[in-house]
Each structure stands twice: as structure tokens, then as C-alpha cells.
Amino acid sequence: MSIAFASWHDFFAMGGYAFFVWLALALTIIPLLGLVLHTLIQRRAILRSVVRSHAREARMRAAREKEKA
Amino acid sequence: MWKTAHQLANPARLYQLCGVGVLWLGGASMLGLTAGWIWGFGFAPADSLQGDSYRIIYLHVPAAMLSMGIYASMALAAFIGLVWQSNMANLALAAMAPVGAVFTFIALVTGCAWGKPMWGTWWVWDARLTAELVLLFLYLGAIALWSAFDDLRLAGRAAGILVLIGVVNLPIIHYSVEWWSTLHQGSTNMQQNIDPSMRTPLRLTIVSNLLLFMTLALMRMRNLILLVEKRRPWVKALILQRGRR
Chain R
1 MSIAFASWHD
11 FFAMGGYAFF
21 VWLALALTII
31 PLLGLVLHTL
41 IQRRAILRSV
51 VRSHAREARM
61 RAAREKEKA
Chain G
1001 MWKTAHQLAN
1011 PARLYQLCGV
1021 GVLWLGGASM
1031 LGLTAGWIWG
1041 FGFAPADSLQ
1051 GDSYRIIYLH
1061 VPAAMLSMGI
1071 YASMALAAFI
1081 GLVWQSNMAN
1091 LALAAMAPVG
1101 AVFTFIALVT
1111 GCAWGKPMWG
1121 TWWVWDARLT
1131 AELVLLFLYL
1141 GAIALWSAFD
1151 DLRLAGRAAG
1161 ILVLIGVVNL
1171 PIIHYSVEWW
1181 STLHQGSTNM
1191 QQNIDPSMRT
1201 PLRLTIVSNL
1211 LLFMTLALMR
1221 MRNLILLVEK
1231 RRPWVKALIL
1241 QRGRR
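Protein chains in written order, with the working numbering: chain R, 1 to 69; chain G, 1001 to 1245.
Source of the hints: derived by calculation from the structure; they are not laboratory data. As the structure is a computational prediction, the values presented were derived from the model and not from experiment. Mixed in with the good hints, there may be bad ones.
[Said to hold, decoys possible] Sample of chain R residues at the chain G side, in silico, Cβ under 10 Å:
| id | residue |
| --- | --- |
| 1 | SER2 |
| 2 | ILE3 |
| 3 | ALA4 |
| 4 | PHE5 |
| 5 | TYR17 |
| 6 | LEU27 |
| 7 | ILE29 |
| 8 | LEU32 |
| 9 | GLY34 |
| 10 | LEU35 |
| 11 | THR39 |
| 12 | LEU47 |
| 13 | HIS54 |
[Stated by the list, open to error] Here are the in silico distance ranges between beta carbons for each label pair:
| id | chain 1 | residue 1 | chain 2 | residue 2 | range |
| --- | --- | --- | --- | --- | --- |
| 14 | R | ARG48 | G | ARG1153 | 25 to 33 Å |
| 15 | R | HIS9 | G | ARG1153 | 54 to 62 Å |
| 16 | R | HIS38 | G | ALA1028 | 19 to 27 Å |
| 17 | G | ALA1009 | R | ALA18 | 48 to 56 Å |
| 18 | R | ASP10 | G | LEU1154 | 52 to 60 Å |
| 19 | R | HIS38 | G | THR1200 | 27 to 35 Å |
| 20 | G | ALA1237 | R | HIS38 | 25 to 33 Å |
| 21 | G | ARG1199 | R | ALA45 | 38 to 46 Å |
| 22 | G | PHE1043 | R | GLU57 | 57 to 65 Å |
| 23 | G | GLN1185 | R | VAL51 | 49 to 57 Å |
[To be verified] What the simulated footprint calls covered on chain G by chain R, stretch by stretch (three residues with Cβ under 8 Å from a Cβ of chain R suffice, anywhere in the stretch; the number is not a length):
| id | segment |
| --- | --- |
| 24 | 1053 to 1065 |
| 25 | 1089 to 1102 |
| 26 | 1105 to 1115 |
| 27 | 1219 to 1227 |
Note that beta-carbon positions come from the ideal geometry of N, C-alpha and C, so glycine has one too.
Given the sequences, and given the hints that come with them, work out the whole structure.
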């Protein structure tokens, strides 16, 4: 296995196909990162909503007990 | 074996297993993708006909293979969900759908970026490309149908039926290059026709992309499990535990 390019400049030039090769790479990595980000944001939102609904139930239970007393 | 399979239907246990999977598969896929892409883009030799533009293969082929593989696994989950009325199988279908859609999108756009320098056009309405586009619409349709229902069972059934009908598209995509004369080249017999110096990094990227799909699907599966189980005590315990840490 040896390096396919003589210099960094050659590497970035991709034998004249730089635009297409790097475009393809960007169009692979950006959607994947977007999906990871969406998944993490979704997780945070779900955990927050669970915490909120638990807090609400606790408040309602407390209010009911107060009424009874 | 059946005991293990039944444990998968227990949401709390499944959530935990998914978490372990995300850690290991995610790490392995990151390592593999970095190594495979550096190898493919910087070390594999240039192609005698296509020059350096062929390096798009390390992005295009794994995504295209996964776009179909993920659909097949969704169909399997849909089948299990419909026959055994398994909620977790329906969730698995919904977890995989966005990941499959993203890989199909990647296969299409990297194909465009490869087609322009090699064929002279970004897009043609030939059989392979059109069938792959239909696959993207099937994914989007399944996602839309899933989110159109508030009731989980109904959503799973509706999306499951669509996914199972759409399976007919898979052989069409696969054989399109043989049945019709297409601009897209026929399938390459990878074992024989690609030189090992180009094949090994390709295999590495294929396996790593597969691991990445599994990681992403498991992450989304965890989210969906939390969503449907949010009123259960184990979720409450989990959040308390997180808060303390």
C-alpha cells in the first residue's frame, strides 16, 4: 500500500475531479451528521417531556391530597 | 434462543441492550469509516479509465447497498409486527425508516456527482436511477404514514403494509441493469473484478457503513421506546438515575 498522490495539492485536486469527489463526500457526511443531530435532539426533547409530565402528575397528586386533608 | 427472542419484546431490557449496542457498534463504525475513507481516498490507486473520480465508489456503493438492505430489514420488521402483533417490531420499522431514507438520498446524490463527470449528465430517467428514486419515495411514504397516526398499533400496521407492498421494488432495482438497457453499469462481481488494492478499502467502508446504520437505528429505537413507555416506572427510575449522575 502506498500513497496515491505526490503532494497534498495533488490530493485535493483529485486528478481534476476535485469538485465532484468533494461534493460527493460533503453530500454523504452532511446528511449523516444531520441525522445524528436530529436523533440527539429528539432524545433530549423526549426526556424533557417525560420529566415535565412526571412533575405535573406529582403536583396533581399533591393538590388532591391537600383537598382531602 | 426463544428466551432471548422474548427478552427483545421487553421494552426496558431492549432499551438497555440498544444502549450497549450504540456504544460498541458506534465506536467500531467510526474507526472503520475513518480508516476506510482515508485508505480509499488517499492510498488506493487511481482507476485506469476513470482516474480519481472513481473514488466516489467508497461513498456511493455502501450507501446504495444499505438503501436496499435497510428496506429488506424494515420489511422483515413489518412482517413480524403484522403477524405477531409485536409493538417493538413496529418501533424497529419506524426507527430504521429515516436512516434508510438518508442512505438512499446519499446513494442518489453521490451517484449524480459521479454521473456528471463520467456520463456527462447529473441525472437520466433510466431504470436503475428511477427505481432508486421510487425507493426514496417509499421510505418517505412509510415515515409520513407512520406519523399520520397517533395510535401506535394503527401506525405500525399502516406503515407495515406499505413497506411490505414496496418490497416488489427491491428486485426491480437489483435487476434493472439486466432487464433494461441502462446508462448505469451492470453489477460488478466484486470478488473477481476489482483489484484487491481497491477492494479491501471498499469492503471496509461497506462493513463500517452497515455498523453505522445499526448504531443510528438503535439510537432512534431507544428514543421510540422512551416515547411509548414514558409513563412506566422504569423510565422514571432511569431519569432519576441520570439526574443524580
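Going through the hints against the structure:
no., hint, result
1, SER2, "holds, 7 Å"
2, ILE3, "holds, 6 Å"
3, ALA4, "holds, 6 Å"
4, PHE5, "holds, 7 Å"
5, TYR17, "holds, 4 Å"
6, LEU27, "holds, 4 Å"
7, ILE29, "holds, 9 Å"
8, LEU32, "holds, 7 Å"
9, GLY34, "holds, 8 Å"
10, LEU35, "holds, 5 Å"
11, THR39, "holds, 5 Å"
12, LEU47, "holds, 7 Å"
13, HIS54, "holds, 6 Å"
14, ARG48(R) x ARG1153(G): 25 to 33 Å, "holds, 26 Å"
15, HIS9(R) x ARG1153(G): 54 to 62 Å, "holds, 59 Å"
16, HIS38(R) x ALA1028(G): 19 to 27 Å, "holds, 22 Å"
17, ALA1009(G) x ALA18(R): 48 to 56 Å, "holds, 51 Å"
18, ASP10(R) x LEU1154(G): 52 to 60 Å, "holds, 57 Å"
19, HIS38(R) x THR1200(G): 27 to 35 Å, "holds, 33 Å"
20, ALA1237(G) x HIS38(R): 25 to 33 Å, "holds, 27 Å"
21, ARG1199(G) x ALA45(R): 38 to 46 Å, "holds, 43 Å"
22, PHE1043(G) x GLU57(R): 57 to 65 Å, "holds, 58 Å"
23, GLN1185(G) x VAL51(R): 49 to 57 Å, "holds, 53 Å"
24, 1053 to 1065, "holds (count 6)"
25, 1089 to 1102, "holds (count 3)"
26, 1105 to 1115, "holds (count 6)"
27, 1219 to 1227, "holds (count 6)"
Hint violations for this structure: none, all hints satisfied.
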